[in-house]
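Q: Residues per chain, in single letters:
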Amino acid sequence: MAAPFDRDLTDLTPELRWREWMGRVEAAIFASTVPVPREVLATLVGHACPLDALIQDIRDELRTRPYDLVKVADGWQHRTRPHFITALRAAARPASPVPALSAADATLLMTIAYHQPVTRTELSTVLGKDVSPDAVARLRRQNLVGPGPRSPQPGAPCTYVTTPVFLSRFELESLRDLPDRDRLEAAGLLSKEPALAAVRAPRAGSGDGAAEAAE
Amino acid sequence: MQAFSVSLSSSDTPSPGAALAAACFDAGAALALLGQAVTTAPRHQGVWRDRLVLRAAAACLAMAGRHESDADIRDAVLLTRPGADPGPIGHAFAEWRGLVSRTPRLTSVADLRAILGARRSGEALDRALVLDGRPAPLAAAAAAATLHRDHPRDPALAMMVADLVLARSLGWPRLVPLLAAGLGRRPPKPDAADWPIVCTAAYGRSAGQARLLSADLAQRADRLLSVQARLRAKTAAPVISALLSEDALSATVISDRIAPAMSDRAARRLLERLVGLDAVRELTGRATHRLYGL
Numbered sequence: 001m002a003a004p005f006d007r008d009l010t011d012l013t014p015e016l017r018w019r020e021w022m023g024r025v026e027a028a029i030f031a032s033t034v035p036v037p038r039e040v041l042a043t044l045v046g047h048a049c050p051l052d053a054l055i056q057d058i059r060d061e062l063r064t065r066p067y068d069l070v071k072v073a074d075g076w077q078h079r080t081r082p083h084f085i086t087a088l089r090a091a092a093r094p095a096s097p098v099p100a101l102s103a104a105d106a107t108l109l110m111t112i113a114y115h116q117p118v119t120r121t122e123l124s125t126v127l128g129k130d131v132s133p134d135a136v137a138r139l140r141r142q143n144l145v146g147p148g149p150r151s152p153q154p155g156a157p158c159t160y161v162t163t164p165v166f167l168s169r170f171e172l173e174s175l176r177d178l179p180d181r182d183r184l185e186a187a188g189l190l191s192k193e194p195a196l197a198a199v200r201a202p203r204a205g206s207g208d209g210a211a212e213a214a215e
Numbered sequence: 001m002q003a004f005s006v007s008l009s010s011s012d013t014p015s016p017g018a019a020l021a022a023a024c025f026d027a028g029a030a031l032a033l034l035g036q037a038v039t040t041a042p043r044h045q046g047v048w049r050d051r052l053v054l055r056a057a058a059a060c061l062a063m064a065g066r067h068e069s070d071a072d073i074r075d076a077v078l079l080t081r082p083g084a085d086p087g088p089i090g091h092a093f094a095e096w097r098g099l100v101s102r103t104p105r106l107t108s109v110a111d112l113r114a115i116l117g118a119r120r121s122g123e124a125l126d127r128a129l130v131l132d133g134r135p136a137p138l139a140a141a142a143a144a145a146t147l148h149r150d151h152p153r154d155p156a157l158a159m160m161v162a163d164l165v166l167a168r169s170l171g172w173p174r175l176v177p178l179l180a181a182g183l184g185r186r187p188p189k190p191d192a193a194d195w196p197i198v199c200t201a202a203y204g205r206s207a208g209q210a211r212l213l214s215a216d217l218a219q220r221a222d223r224l225l226s227v228q229a230r231l232r233a234k235t236a237a238p239v240i241s242a243l244l245s246e247d248a249l250s251a252t253v254i255s256d257r258i259a260p261a262m263s264d265r266a267a268r269r270l271l272e273r274l275v276g277l278d279a280v281r282e283l284t285g286r287a288t289h290r291l292y293g294l
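Taken in sequence, the protein lines are chains A and B. Residues 1 to 215, numbered by our numbering, are exactly what the first sequence covers, in order. Residues 1 to 294, numbered by our numbering, are exactly what the second sequence covers, in order.
In short, the hints are calculated from the structure, not lab data. Just so you know, even glycine gets a beta-carbon here, dropped at the ideal spot from N, CA and C. It is possible that part of the hints are untrue.
[Stated by the list, open to error] Chain B is nowhere near these chain A residues, computed Cβ spacing over 12 Å in every case: (1) LEU12; (2) GLU15; (3) ALA28; (4) LEU44; (5) ASP68; (6) THR80; (7) THR125; (8) GLY128; (9) VAL136.
[To be verified] With a straight-line cut-off of 20 Å between C-alpha atoms, the simulated EDC-like cross-links for lysine to aspartate or glutamate are: (10) LYS234(B) x ASP256(B); (11) LYS71(A) x ASP177(A); (12) LYS129(A) x ASP105(A); (13) LYS71(A) x GLU39(A); (14) LYS189(B) x ASP177(A); (15) LYS71(A) x ASP150(B).
Can you make the complete structure from the sequences, with help from the hints?
A: Given below as structure tokens:
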């Protein structure tokens with residue numbers, strides 16, 4: 001088909017046009033293995049189309065379905081509703097595409113998330129036990145954390161920060177959505193001051209992040 | 001939303017309308033004076049804008065429950081090597097800097113999304129960017145309230161759009177980050193009943209501070225340019241122009257990006273020489289990873 005892609009669909013009635021746009025957007029998200037950014041979705045519909053209203057209409061239609069359209073780190077994605085997590089677990093094959101984090105790794109990951117940018121030495125202090133380079137390397141291999149700014153200390157150790165993959169996997173739109181940030185802050189647990197050395201790790205998220213879907 | 005009148009009330013008891021009018025008057029005067037600094041584009045405008053960006057980023061991080069100092073932000077920005085991620089602190093700075101580098105009149109919702117990332121979206125932006133002829137601080141206050149309603153967990157977004165609306169309605173060629181830093185240590189939320197007054201007063205205060213900062217940096221810029229003759233022009237020129245256009249520099253940043261012909265060590269020597277000539281300050285007080293700025 002040589003015809004150029006018709007975004008505006010001016011030959012359709014407004015109602016049919018809206019349905020077609022809804023279909024295009026949902027199809028694009030359905031067919032993608034990664035979240036689809038807003039910019040990409042905007043190229044599928046008319047120039048003046050209110051994309052948020054369109055997506056809201058799609059979500060309204062999905063209300064009775066076991067999955068939903070969810071906005072994650074870098075775009076929109078179909079996600080199974082949290083209610084069905086136990087069912088998915090029961091059906092899961094051992095060869096799950098996402099390796100589960102051990103409790104220790106999950107604690108480490110959450111400590112990085114709340115304290116970033118943070119060096120390995122600082123992590124050891126916060127957690128009250130030695131954090132091995134291997135443990136950090138495991139998280140890096142899964143692309144959940146990456147290198148951040150150098151720390152202004154002797155030797156300029158690398159700090160670690162979380163990645164968009166981290167946000168996507170824990171269904172966070174941004175780091176502001178980390179649970180209980182405000183309360184941890186109020187309790188003084190997010191300060192990297194030396195006084196923290198004696199304090200054990202802040203209440204970190206449990207390992208099964210998928211279960212912690214934000215509604 | 002309450003409708004406020006900006007005409008001076010004739011009654012004897014101060015009404016909310018009169019208080020707002022007084023705040024608008026003060027803010028208008030401060031913003032008009034600041035407008036001169038914005039439109040004349042002095043030599044030190046780059047470093048001035050960067051310092052305001054730093055102030056705004058620190059205030060917004062505090063609103064989001066993070067308590068990073070200006071020094072922490074500087075470290076995150078300047079100690080991130082190419083290819084690494086500056087982390088949430090560095091991103092906060094980069095977003096403001098991205099916004100400030102554009103012409104406000106031409107900054108569209110699409111631009112905002114490009115700067116702020118796909119995560120911030122929604123029609124609240126479109127609504128907030130429509131100007132309706134209200135006095136500039138009130139238009140900005142209304143924009144902040146709109147964004148706060150739709151994105152209550154993203155205080156920086158409300159602050160950015162408020163400053164953008166202010167710059168647009170004053171016809172400024174550049175956005176000047178003012179509101180976040182002007183709100184003080186315990187900033188009220190944009191859904192507070194007295195928000196229009198609080199916001200207007202914050203603009204008045206912040207504009208005054210920004211103008212003092214500009215005057216101070218103008219003196220420092222003069223001092224820096226007065227010692228330029230004593231340095232080898234070829235190597236010093238790009239460094240001096242970078243010192244006038246950025247908040248701070250490290251020796252590594254100079255040899256990486258500003259003057260690639262210069263070695264790390266030569267850059268450090270030049271910066272220390274400038275400190276010795278009292279033309280530049282070392283900003284960290286550290287023995288290593290030193291950062292220099294006007």
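Q: Any of the earlier hints contradicted here, and which numbers?
A: none
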